Each structure stands twice: as structure tokens, then as C-alpha cells.
Amino acid sequence: MSYVEESYDVVVIGAGHAGCEAALASARMGLNTICFTISMDSVALMPCNPNIGGSSKGHLVRELDALGGEMGINIDHTFIQSKMLNSSKGPAVHSLRAQADKAAYSTRMKKIMQQTSNLTLRQAEVTELIIKDKKIKGVKTLSGATYHCKAVVICTGTYLKARCLYGDVIEHCGPNGLKAANHLTDSLITNNVEINRFKTGTPARIDGNSIDYSKMEIQLGDNPVIPFSFSTKREDVQIEQVPCYLTYTNEKTHEIIRANLDRSPMYSGVIEGTGPRYCPSIEDKVVRFADKNRHQLFVEPEGLNTNEMYIGGMSSSMPEDVQYAMYRTVPGLENCKFVRNAYAIEYDCINATQLKASLEFKDIDGLFAAGQFNGSSGYEEAAAQGLVAGINAALKLLNKEPMILDRSNSYIGVLIDDLVTKETKEPYRMMTSRSEYRLLLRQDNADLRLSKIGYEVGLLSKERFDHVVEKERLINDEVARVKEINIGARKEVQELLESYGSIPLSNGIKLVDLIRRPELDYDKLAPIDPERPELSDEVREEVNIYIKYEGYLSRQEKQVKQFKKLESKNIPQNINYEDVSSLRIEARQKLTKLRPANIGQASRISGVSPADISVLLVYLETFKG
Amino acid sequence: MYHSDTICAIATSMNSSGIGIIRVSGEESIPIVDSIFRGKNKLIDCDSHTIQYGHIYDNNELIDEVLIMIMKAPRSYTTEDTIEIDCHGGILILKKILSILVKNGARIAEPGEFTKRAFLNGRIDLSEAESIMDLISSNSELAMKNSIKQLSGSLNKIIVDLRNKILYETAYIESALDDPEHYDLNGYPEELSKKVDEMLDSINDLISSFKSGHILKEGINTLILGKPNAGKSSLLNTLSRRERAIVTDIPGTTRDTLEEQITINGVALNIIDTAGIRETDDIVEKIGVDKALDSIDDADLILFVLDSSRPLDENDIFIINKIIHKKVIILLNKSDLVSQISEEEIYKKYDKPVIPFSSVSLDGLKTLESKITDMFFTGQVKSDDTLYITNSRQAGCLINAKNSLSNVLTSIENMMPEDFFSIDLMDAYNYLGEITGETIDDDLANKIFSEFCMGK
Chain U
15 MSYVEESYDV
25 VVIGAGHAGC
35 EAALASARMG
45 LNTICFTISM
55 DSVALMPCNP
65 NIGGSSKGHL
75 VRELDALGGE
85 MGINIDHTFI
95 QSKMLNSSKG
105 PAVHSLRAQA
115 DKAAYSTRMK
125 KIMQQTSNLT
135 LRQAEVTELI
145 IKDKKIKGVK
155 TLSGATYHCK
165 AVVICTGTYL
175 KARCLYGDVI
185 EHCGPNGLKA
195 ANHLTDSLIT
205 NNVEINRFKT
215 GTPARIDGNS
225 IDYSKMEIQL
235 GDNPVIPFSF
245 STKREDVQIE
255 QVPCYLTYTN
265 EKTHEIIRAN
275 LDRSPMYSGV
285 IEGTGPRYCP
295 SIEDKVVRFA
305 DKNRHQLFVE
315 PEGLNTNEMY
325 IGGMSSSMPE
335 DVQYAMYRTV
345 PGLENCKFVR
355 NAYAIEYDCI
365 NATQLKASLE
375 FKDIDGLFAA
385 GQFNGSSGYE
395 EAAAQGLVAG
405 INAALKLLNK
415 EPMILDRSNS
425 YIGVLIDDLV
435 TKETKEPYRM
445 MTSRSEYRLL
455 LRQDNADLRL
465 SKIGYEVGLL
475 SKERFDHVVE
485 KERLINDEVA
495 RVKEINIGAR
505 KEVQELLESY
515 GSIPLSNGIK
525 LVDLIRRPEL
535 DYDKLAPIDP
545 ERPELSDEVR
555 EEVNIYIKYE
565 GYLSRQEKQV
575 KQFKKLESKN
585 IPQNINYEDV
595 SSLRIEARQK
605 LTKLRPANIG
615 QASRISGVSP
625 ADISVLLVYL
635 ETFKG
Chain H
10 MYHSDTICAI
20 ATSMNSSGIG
30 IIRVSGEESI
40 PIVDSIFRGK
50 NKLIDCDSHT
60 IQYGHIYDNN
70 ELIDEVLIMI
80 MKAPRSYTTE
90 DTIEIDCHGG
100 ILILKKILSI
110 LVKNGARIAE
120 PGEFTKRAFL
130 NGRIDLSEAE
140 SIMDLISSNS
150 ELAMKNSIKQ
160 LSGSLNKIIV
170 DLRNKILYET
180 AYIESALDDP
190 EHYDLNGYPE
200 ELSKKVDEML
210 DSINDLISSF
220 KSGHILKEGI
230 NTLILGKPNA
240 GKSSLLNTLS
250 RRERAIVTDI
260 PGTTRDTLEE
270 QITINGVALN
280 IIDTAGIRET
290 DDIVEKIGVD
300 KALDSIDDAD
310 LILFVLDSSR
320 PLDENDIFII
330 NKIIHKKVII
340 LLNKSDLVSQ
350 ISEEEIYKKY
360 DKPVIPFSSV
370 SLDGLKTLES
380 KITDMFFTGQ
390 VKSDDTLYIT
400 NSRQAGCLIN
410 AKNSLSNVLT
420 SIENMMPEDF
430 FSIDLMDAYN
440 YLGEITGETI
450 DDDLANKIFS
460 EFCMGK
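Residue numbers (our numbering), protein chains in the order written: chain U, 15 to 639; chain H, 10 to 465.
Keep in mind that a hint or two might mislead.
[To be verified] Each computed EDC-like pair below joins lysine to aspartate or glutamate, with the alpha-carbon atoms no more than 16 Å apart:
| # | chain 1 | residue 1 | chain 2 | residue 2 |
| --- | --- | --- | --- | --- |
| 1 | U | Lys578 | H | Asp14 |
| 2 | U | Lys247 | U | Asp458 |
| 3 | U | Lys103 | H | Glu190 |
| 4 | U | Lys572 | H | Asp436 |
Just so you know, these hints were derived from the structure itself, not from any lab.
Note that the coordinates shown come from a computational prediction; the quantities given were computed from them, not determined experimentally.
My request is simple: use the sequences and hints to build the entire structure.
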């Protein structure tokens, strides 16, 4: 039977990392929002690795925070160890990564959701989309209830028709034995949505009491800790941290794997989904990198109130007995006991080229999608998309232009552009090398890049925005001041230079030239710069980066200018590419299928050549007339 | 190609000596020309629509005395800042100036690019859009065809190998940045520095081979055709005044093509001697014959050699039917022997200039030389500009790739962090890709995933 339950502005399907951000954004922007979860006990669940951030993912979290998202604040409240990765490398690749107390992370997010006005959190499985005249009208749940709404954000993660596999065991369930969502796919297919099937996996969780840590290398967090959120005070995150551990597989492990390959569902062909190459199972690593005689394993706590340890680097879909045998070859794990075994998981997702950069479906008005459902992987990638989809669903109902982040202002822009422009053949993971302007898109300046946008869409508070405006002013003033300063070959100058192994001066020199020396930086030169005002860590860091890498930064700024020119040339959506006979046939087909929003996006479609773009530019001129 | 960077090209046709004009258009055109021009004033300080007198320099080497016309945006054909350089040093000087402009940041324009820019900036009637689009697409196909044609197998292989090496190093760095607890970059900069040195060596080799003309063939492609023993090799030797082709009386001695660059009255010719064309069962000879026939398409001018001591035979007729649509001069060779062919009859039949010639007595050589220069200066034959453009473009890409790799070395010397290396490495990779016509797509991500073991 069916009945009408209620009406909302926005329905969010799923309460994982994408769903939570989408629902919070929409509700905080004043829209009446309901968020469905398959289980009230799995809100903001971390079913795989127990950490947030990491190379390039840390950037995503910083950006999300600058726009007014929750993930950064949530991990600042619930982390148990934190590290700045790549701190010896250039500022563009510094990346924050924090170990989370999984249960605390989930609990705090659920509490925030429930405390937010305009937001209802509800346990139910959404089974059907109600779409009329290519417009979303509502959703139905398994119970038969209908929820009318004006926009829907799909954030189903790995739950659609999920099945978990190890050896010859197939469980028709989502991660952690949670219920799968088996109906929504059919409703999507009915509405002509193109479905892909992807696969991923997770390692075993081991009882910490059964591990011999003395055989492993201890891995400690940073001191001092740097928070994720620009709104978190540094003194609030200097907590007592817990250690992680490092150990390795060995030839014995690899022998066991090789001897049992025929029992792996990956190799016997039972698994249909496409898995990520960047996050291979241990059996994949052993087969594909046969010359490596060991692989790293990271042993990470899952929280303060559990003895479960996550064995990073050893995901597997081998039968449980083989898993036991191979884990027990690892130093420190000889007597290990499993709490949860490793498994692979398959799920339905979509080809995200069906979406606009706003994450709304091109063909279904008011239907948005975010997270692993769009073919990405990772909590941070999911959260970033969830935030964008939630904001844009709200903006749509407020009759405002969508918020489009692009490749020149954020990793989130890169992530979404890649997803909606390139046909992703495997779960998509963020990497710093995917960003062509990464020197400009640093984690340290995410607030400078994005706060204005977050403030204008109505998500970031005025207080936080004003703070960023002031920060920017201080940076600019200080850079201008430093550029004017000349340093003479005084005794104290020579002594300072010598103390850092830097060549003493023979003549006067500009202060900026000293800052640019590799062995020196802005802070180190403070003693010979008496006029220097007192500035916060954050401001001094920006000043230093700006001066030290000015040449490279201005080079990328120039490239961004070029990029923006093409990005601003919009393509009318009623264009018929068949009319443009000078386009090559392959280009015509690709453009017809993907319907890029502007020339810049068109130029990134594989199979569209620079000459095709020139032709298109000329053709667009005739449109204007 | 569609960026609004600064482009340059020779605006006058490339066939006559004397005055020629180079046009430069784009945001940077004034500073770029300023960097190679020495006159009374800096161009940047001059008013629009004025003419400046001065000299073009390559560093400190004087290249030419020039007049420069400045047209500032939007009052120019393209509506961008535009400079026209009036030079009077002939084709070689024009090309030299063009290459200096490229060295200083301009790019050789694609065919039709000035017109395209003028159009996109609203200068040309919309009704011309269709023809401009056709021009772009046909030119780009042609350019691609040329580009591939000119890249011999070995050259192509050098570039592909270089790109692979660059991609591997970049992927290595990126893996280490992406998975810092897994891959270590200790000591890597020194290692990379050596590898980049090697890469630079091979790019420098390529650049010098472009410069010495092994690849960059200048001048009019002139093909010598005829049946075996008609006297083709003797003609080449006579023209180049050097014994290069093997001249014997045995038909079929030249089994491959021979090339020679010569200058006649200031006109550069790139002369290609071919195997004699006849029906043959000899496999080696047949390859030469096929190659000779293939060359016909690319020839700007054909010197068709007939043995006038014998009557026309089916081989002669076969050849002449293949070349009837081209610019041809028919040489009645062996005019020192008794002629079996009438000059007038041949002229009437084929409507091509006919010159009696003897490589023994050198009879007709002067007539041939003045005929060739005549045809050139009246514009009846001209060298293939698109070929030249493709070549310059490729050379430009090589220079850019070289600069990017040099930047890597500078970054290493300055102890910059490793992530800066990959920016310039990828630039070099993309420049080299432009030569072979490859697109970037997801090469790097694919390389990282396939070569390096990542992840949880």
C-alpha cells in the first residue's frame, strides 16, 4: 500500500560522508530537508580506513571547510593522531591526515545533524524516484510512504545492490553487514540513467591484544598538531595522541597468496565490478608487482574505545582460511585474531558524465548526485561532492545560479570536472597530480581561495569570512613591506647567514632574495628585519610561500588566465553538433553525448582535438548573430 | 592552438627575394618584438599606427635593418596588439627573424590563424564563418598529415622514448608525493639531474638536426623523373656540379632516391633524384620505382628527363601521364646525339616547357636555370608553406621542451622541492607530444598506477 507521508524541499538519500554534508548544507541554507539512512547506527560511518585526509584528500577537506562544510570540524573533534604529510616537500603537496576515532566521528556527526534546524534524519530505504516530465517530484520508501519534494540528492555510496565477497562466500549486503539497497537501481534505469558497477575492498580488523607491537615500527603523530578546520583554534587540538605501527609482508606471505589465487573471486571471475588500480588488494599487488619482495602494512587503531586495529595495505577477497594464513606470516601478527575479516564489495554507481558541474543530472531537473554513487572513492571525495550537491540543490530552490567550482580555484573543482567530463572506468581517487595549477591550490590557502564563495552562497558565517578578509589584507601588506627592504652586509646579518650555512653577503641585497635562498625562509630572517610586525603563524606562512615561490606562482596565474577565457565561453544547450560539418565525426559524437557547458570543458573531452575547438569557437560566433 | 598567445608568421609570400613582412599578433607581441629590436625608442613607448626604424638583433648579432609598424589593440586586423616587421634581407633572413621571435616567446601561427582571430574578435563578416571552419579543419588535417609524414620512423621513436622516460620520472615523483610513506625521494634529485642531462642531449641533437636541414627541408621540392638511363643522375650532378649519384651506362643504377640542396640565382631548390621508372621484376628496383612515384605528390616542380636519342616508349608515356597535372619542365637530354624526338611535337602534345639539354656539352643548362628562376619569381612554382610551418612548429616544440627540461635542472640546482620538478617535466612531455600529435589525457595517472604500487 502507499500513502503520502510528508513534503520537504530537499530529500537526501544516504547519510554517509556525502549525504551528511549535502543535508547539512541544504538545511543550513534554510531549506526544509530530510536525510534518509539505511540505519541510524551508520551515520557518517567509516567502513574502511580509520583516517581523514592524506595526500590531496587533505586539500579537499580544507576546501570543504572553507566553504562551510562539516568534515574538517568533525575530525578536529574526534581525531586521535595527526600528521602533516610531505612537510619536507613543497607547500603545494603538504597534506594533513588524521586518524579518527571512528565511533566518535560518527556519533558527533549524527548529533550535529540532529541538532540542525530544518533537518530531519530518518531511517528508511528509498526505493523509487518520482519523476514527471523529466522533473523530480519526490521519493518512495520501502514502507510505501511517499515524500514530495522539489530536489533530491542521491548519496547511496556502496549500498546499491551491494554484495560482499571473500573466497566463495557471497553476502548480499552493504559494508559491515549492513542492509543493501536493492530497489533504487531499477527506478534509475527506468528513468534512463546509465549504471556502472564498481568494486572496492577492505582489509581485516584485528584484535589489538593479539598483536606483538615490539616487532613493528612505531609511528607517532606531529607535535604540534595543525587542525583541519580554519575555525579550530590551534591550542584546542594539542591532545595526547595514540601511535600507529608499520610492518611488512614477506616472501612467505606472497607464496601463500600465489598458491591460493584460484580461490580468489577476483581471479576466478566471480567479481564483475571494476576495482581501483591505486588501491589494489594484496593479491593484486603480489601478482602485478611480482618483483617486490615485501609490501608495507600500516597498523592503525579504529578508536579509543575498541581494540580493533585496521591493517592498511592488506585488503583482500581471499577465503577466510587463506586470509588467516597470510596475515599470520607478518611480523607482529603471528598470533593475530580477526575481529572482522577482509572482503571485497561490489556496488552500482553511475557514469557521472550524465551530470552537470553543479552535480545535477543533465536530463532530470532537480535530481542531484554525489559521492561514491558518482564513481569516486574515498570519504573526502564523497564529502566534497555532497557539499556541492547540497548547496546547489538549495540554490536551485532559492532561484539562484548554481555554485560551480572550477579547476583553477579548487581540488573540488578538479574532482567534479574530471568526474563529469571524463568517462571514469574505475573508482576515482583524488591526487595532487590531477591538478594542473596545484601550486595555487594549496591546503594552506583554501580559505583565501574559497571563503568568499562559501559566504556568498550563505553557508559560511560573516564572522569567518571577515576573518579571512583581514588575513588577506595582512598578507598583502606584509608582502609589500618586505619587497621594499634592503639588507646591508652588517655583522649581525653575516652571523645569521653563517648560522644557517648560507653564503655571507659581499654587497647589500634585497630581503626577498635572501628569503628565496633554499636554506633560509621568512621566519629565519626575522632577527635582521626589525620593522617586522607581529603576525599569526598562518599569515607568516602565506607571506613566506608567496615570496619564495613567486616566479612559479605567477607562471601558474598566467595559465589560469588563459584557462578562464575558454571556461567563460558558454555553449548553448540547444546546439546541434550535426550542423557543424567541419567538426570531425568522432568529435561530433562525443560532444553530442556529453553536452559540455563551455568551450573549456569541451577541450578536455577525449577525442575532441584543438582544431575541433577552433571550429567550435568560430561556429559559436554565428550563434551570437 | 586556440589560446590567445602570441603568434607570428611571414605575411608576404615566400617566393621572392627582396622585401618581406613578418606579422606578430597577441598580448605579448610588443614586448617580444621589443626584446629583439633596437631603435631610437622602445616600441612599448611608441604610439599606435607609427613606423619605427631600427635593427633586429639575435643577442648581439645584427640580423637585419627593418621598419616596424605598431598597431595597438583593438585597432588592428586581429584586434590584438599587432606588429609588422618590414625586412629586406630575403627569405633566409625572414625565417631567421621568425625563429628569433619563437625563441623569445612567440609561436608560429597555424594556417589561417590570423583570420580566425580576426573573426573571433568580430572583425569579419559572419557569412564567412563556414569557409573559415573548413579552412581550419582541412588545414589541421593537412598539418597532421605533414607532421606524421615528416617524422621518420627513427625520429618518431626518439621522441616517443623521450616522452616515456619523462613520464616515468614524473610518475615516480608523483607516487612518492601521493604515498610518501611508501616511496622515498632521498638522493633522487641527483639521479634525476643525470637523467635530464641525457634527455637534454638527445633533444639538442634533434634541434641541431632540424637546424642543419636534415629535417627542415627548405626550398622548392624539385623531383627528377625519367625512365632508366635517361640521364637523371647526370642532370643532378650537372646541377649540383658534384659527382654524387653513381653515373653509369647500365640502366637502373639509382635504386633509391638521392637528395641535394642547391641554389640557382638565389632560389633554393631541394632536388630529389629518383630511380628510373619502368616495369620491373627486380624487387629492389621496384621499391625504388614505387618510391619515385610516391614522391610525385609532394613535388613543387618536376624535371622530366627524356632520352632524345631514342623515340618515346611506353615507359615515357606512363610517366608523363602521372605528372601531367604538375608543374613540369621537359628536358630533351643527350642533345649532343642525333635527336629522335621533336621539341615542337612534345610541346604541342603536353603543353609544358621543353628544353633541349646535354649534360656532356652543358648545352641548355643556362636556359634551364633561367626557366626555373623565372617560374619561381612569377609565382608559377612555390615552395610548400605548410611543410615549412609544420617544421618550424616542430622545432618550436623541441625548443620549448628543451627550456622546460633546463628549468628542471635549475630547480634541482636551487634545491627546490621535488614537486616543482614534475611541473616542468610534464610541460616538456606535453611539448614533445605536440610534435607527434599525441594528446595528454590520463597518461600520468595511468603510469602511476601501472608502474608503482600504491594504496591501502
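*asked:* Just to be careful, I want the Cα atoms of U:Lys578 and H:Asp14 compared with a cutoff of 16 Å; is the pair within it?
replied: holds (14 Å)
*Hint consistency between U:Lys103 and H:Glu190 [alpha-carbon to alpha-carbon, up to 16 Å]*: holds (13 Å)
*Can the restraint linking U:Lys572 and H:Asp436 be considered satisfied, given a maximum Cα separation of 16 Å?*
Holds. U:Lys572 to H:Asp436 sits at ~15 Å (cutoff 16 Å).
*asked:* U:Lys247 and U:Asp458 were given as a pair; does the straight-line alpha-carbon distance stay at or below 16 Å?
replied: holds (15 Å)
Of the numbered hints given earlier, the model fails none.
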